[in-house]
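Start from chain B and add chain V with the ligands according to the hints.
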Amino acid sequence: MQLTDMKKGAVGRVTAISGADPLIEAKLREIGFAEDDPVELAHLGPLARTPICVRLNRTLIALRAEEACAIEVELDQ
Amino acid sequence: MNAAVTDTAPTRIALVGAPNCGKSTLFNGLTGGRAKVANYPGATVETRHGRFTTPAGRNVDLIDLPGFYGMSPRSLDERLALDTVLGKLDTAPELILALVDAATLRTHLQSVLQLRAIGAPMIVVLNMFDLATRDGLEIDIHRLEKELGLPVVTANATRKAGREALLAKLDAALGQKEFAMPPSGHFPAPEDVREHQVEARRIASAAITYEPPFNRATRAIDRVVLHPIAGPFILAALLFTMFQMVYTWSAGPVDMLDAGAGALGDFIAAHLPPGWLHDLLVDGVIAGVGSVIVFLPQIIILFTFILILEASGYMARAAFLMDEIMHRFGLNGRAFIPLLSSFACAIPGIMASRVIENDRDRLTTILIAPLMTCSARLPVYALIIGAFIPAEKVGLFNLQGLVLFALYITGIISAVLIAFIFKRTIAKARSQPLIMELPTYKLPNAKDFFISLWIRASAFLKRAGTVILTTSVILWFLAAYPASATSLKESYAGRLGSLLEPLLAPIGFNLEIAIALVPGMAAREVAVGALGTVYAVHGATENSSGLAETLQSAWSLPTALAFLAWYVFAPQCFATLATIRRETGSWKWAGFALGYLFALAYAAAGLTFWTSRAAGL
Ligand SMILES: Nc1nc2c(ncn2[C@@H]2O[C@H](COP(=O)(O)OP(=O)(O)OP(=O)(O)O)[C@@H](O)[C@H]2O)c(=O)[nH]1
Ligand SMILES: [Mg+2]
Chain B
1 MQLTDMKKGA VGRVTAISGA DPLIEAKLRE IGFAEDDPVE LAHLGPLART PICVRLNRTL
61 IALRAEEACA IEVELDQ
Chain V
1 MNAAVTDTAP TRIALVGAPN CGKSTLFNGL TGGRAKVANY PGATVETRHG RFTTPAGRNV
61 DLIDLPGFYG MSPRSLDERL ALDTVLGKLD TAPELILALV DAATLRTHLQ SVLQLRAIGA
121 PMIVVLNMFD LATRDGLEID IHRLEKELGL PVVTANATRK AGREALLAKL DAALGQKEFA
181 MPPSGHFPAP EDVREHQVEA RRIASAAITY EPPFNRATRA IDRVVLHPIA GPFILAALLF
241 TMFQMVYTWS AGPVDMLDAG AGALGDFIAA HLPPGWLHDL LVDGVIAGVG SVIVFLPQII
301 ILFTFILILE ASGYMARAAF LMDEIMHRFG LNGRAFIPLL SSFACAIPGI MASRVIENDR
361 DRLTTILIAP LMTCSARLPV YALIIGAFIP AEKVGLFNLQ GLVLFALYIT GIISAVLIAF
421 IFKRTIAKAR SQPLIMELPT YKLPNAKDFF ISLWIRASAF LKRAGTVILT TSVILWFLAA
481 YPASATSLKE SYAGRLGSLL EPLLAPIGFN LEIAIALVPG MAAREVAVGA LGTVYAVHGA
541 TENSSGLAET LQSAWSLPTA LAFLAWYVFA PQCFATLATI RRETGSWKWA GFALGYLFAL
601 AYAAAGLTFW TSRAAGL
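For the record, the sequence lines run as chains B and V. Be aware that the first sequence starts at 1, since it is given in my numbering, and climbs by one per residue. Be aware that the second sequence starts at 1, since it is given in my numbering, and climbs by one per residue.
There's no promise every hint is true.
[What the hints assert, rightly or not] Okay, derived cross-link-like pairs now, SDA-like style, lysine to any residue, Cα gap no bigger than 20 Å in a straight line:
1) B:K8 / V:G231
2) V:K442 / B:N57
3) V:K36 / V:R159
4) B:K8 / V:A230
5) B:K7 / V:R219
6) B:K8 / V:K442
7) B:K8 / V:L417
8) B:K8 / V:T218
[Claimed, not checked] Derived DEER-like restraints, expressed as beta-carbon distance ranges:
9) V:Q552 / B:K8: 51 to 61 Å
10) V:A391 / B:A10: 48 to 58 Å
11) V:L417 / B:S18: 35 to 45 Å
Calculated from the structure, these hints are not laboratory results. Just so you know, these numbers come straight off a predicted model, no measurement behind them. Where a beta carbon is used, it is the ideal one built from N, C-alpha and C, also for glycine.
One chain only, chain B, in its complex shape (with noise of 0.2 Å):
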């Protein structure tokens, strides 16, 4: 599933950072978001489920929806 259909305080694993355009996966990469490393759905912005706030081991992420389409992940059982 994308992260953005994660529920709130969902936690999962990174499985794939794709997506259309190579400028927006690597400057998700350089902030930090890989494959394998766990994820929490952290928060929600007051409007319409954008932007939203990850976790990403010890670091808190803010990034837009149309942004956070590209990152596949896994949920934890």
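Relative to the frame of chain B, chain V with the ligands by itself:
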């Protein structure tokens, strides 16, 4: 100390790292500099040089850079930083201090590998080690050094003791004939990120012996502050409180300063024989400079709030909360930080827009930044509100504070609407992505806080002592001479002001205002000083009653309100226009800002004047 070493040319060392990892704090600590330190990514947007001598007596030219991740920078500040590291702008730094926030080593070690790939000599600094240890993080430094093939040192940039190990490591590195060169030596391609990530995580897993979960306090605070309903409410309440406090807390000190200025005037009046020197000091200098300086308490309260917000880590949260609304008006949430900074002064606000990647978004932010009510408007607003708005309680709130809040809100709403129009006309573009790290909350550092507050307060006093003093003296002369003049109209100033008056009369402005607006082009608060001087020279009263009381009898309420409306928009600040020119690279946009803001100011003042007249005020 070895004197022979001291004479050599300084070694150029650059501070490189992700945004907000403490580069500027370390820079200030080592060089005694005063670079801006704030707890949000993107506080530094320019390079800054500083000198210091290591304990072994080596001279260092230290360079503070904007923060950046990776090797494919997009915004102006990131590009500037990377180009400096690569030596594209100047000779390349001889050594890199690669800073990493120790608490987030696992995520950010990959940036160190990317930097290492360039092949420049470097020392890795695990900064904010105090916070990492407090949280319980344990790192095997020797293992990390071995895995990276680079010297690694821990640091706490905020304390002298926390920088000693780093200085020792630096001396050791500078003492070697050849700097230790990292293994690889080619510029990493964007595709290499993937590889670096895998390697960085392997090293992190090997070197981090214990990793606690995410910071508890930050998690707890964010649960409230980023709550979808409570969050926006708290943001609004914070801003509202800020403007209430500017009034309620400053009343006492402002009255004291006002009385002090009055007493000083009386003292001079009593001890100097009447004559031109007496008039110049009392009507020119004290009435002019004094009427501005009395607003120092308000400036200090406003800056206290802004500095605490910046240091706490809340700013990035505010940007997160505002992003979607800003997005709908065609702006980016990141723009909220420069715009909020513009409450202090539009100039750093305009500079801070460098963090915005998209050129058109950036241009829009620059053009609307002057609409954010900067602190130079505060003396203008405070003077008029103090004179014309009764200090009543409206429910829980102070009416004067409410009016001030309304003026700020008018500025913000106009800025948003104008951004909306610009994005659909002159700055069409798709909005850029928001990808931003939110820092953990930190307690503001007392020393940083007081230094920043002092810089702001002294800048205000310095302007009062230079620009305002000069214009007050010149204006006094123009208003008091020729000696035959019996009224303001016959003086030199009056004759000049009469040229402008017909243009301004339709919006309710009188001759005194017309005269004050001219020197007021230099900076907004100059107009207050100018009004002080003009009314002192030809005032009805000879005693030292404050400017506010004079205005009460000289202006009608519609005129006062029109004057406030004018100042919401009027671009009366040369320095801002010059900064717009520099940041956009052409006078075209500075001229455009000047034109559209004056047009708005004129329309708003006129509208206010005529509607309040019609309403019988
Ligand atoms: N406790 C603690 N706080 C630190 C330390 N170093 C920096 N800080 C705080 O971290 C925040 C960021 O510091 P800055 O020096 O502005 O960071 P920067 O790397 O210059 O950030 P940018 O200019 O945005 O790239 C500030 O609130 C500092 O007070 C440290 O070693 N210990
Ligand atoms: Mg900095």
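K8 (chain B) and K442 (chain V): Cα distance at most 20 Å? 25 Å, violated
Using the beta carbons of Q552 (chain V) and K8 (chain B), state whether their distance is inside 51 to 61 Å or not. 55 Å, holds
Whether the CB-CB distance between L417 (chain V) and S18 (chain B) falls inside 35 to 45 Å: 39 Å Cβ-Cβ, so the 35 to 45 Å window holds.
Decide if the proposed pair is consistent with the structure: K8 (chain B) and A230 (chain V), CA atoms, cutoff 20 Å inclusive. 16 Å, holds
Quick one, are K8 (chain B) and G231 (chain V) close enough, alpha carbons at most 20 Å? The hint holds at about 16 Å.
Taking 48 to 58 Å as the stated bounds, is the beta-carbon spacing between A391 (chain V) and A10 (chain B) within them? 52 Å, holds
Mind checking the alpha carbons of K8 (chain B) and T218 (chain V) for me, to see if they're no more than 20 Å apart? Distance ~17 Å between K8 (chain B) and T218 (chain V) Cα, so the pair holds.
Sort out whether L417 (chain V) lies within 20 Å of K8 (chain B), counting only the CA atoms. 33 Å, violated
With a cut-off of 20 Å on the C-alpha distance, tell me whether K7 (chain B) and R219 (chain V) pass. Holds, at roughly 17 Å.
Against the 20 Å threshold, does the CA-CA distance of K442 (chain V) and N57 (chain B) hold or violate the hint? 19 Å, holds
Straight-line alpha-carbon gap K36 (chain V) to R159 (chain V), limit 20 Å: 17 Å, holds
Hints 6, 7 from the list above are not met by this structure, while the remaining hints are.
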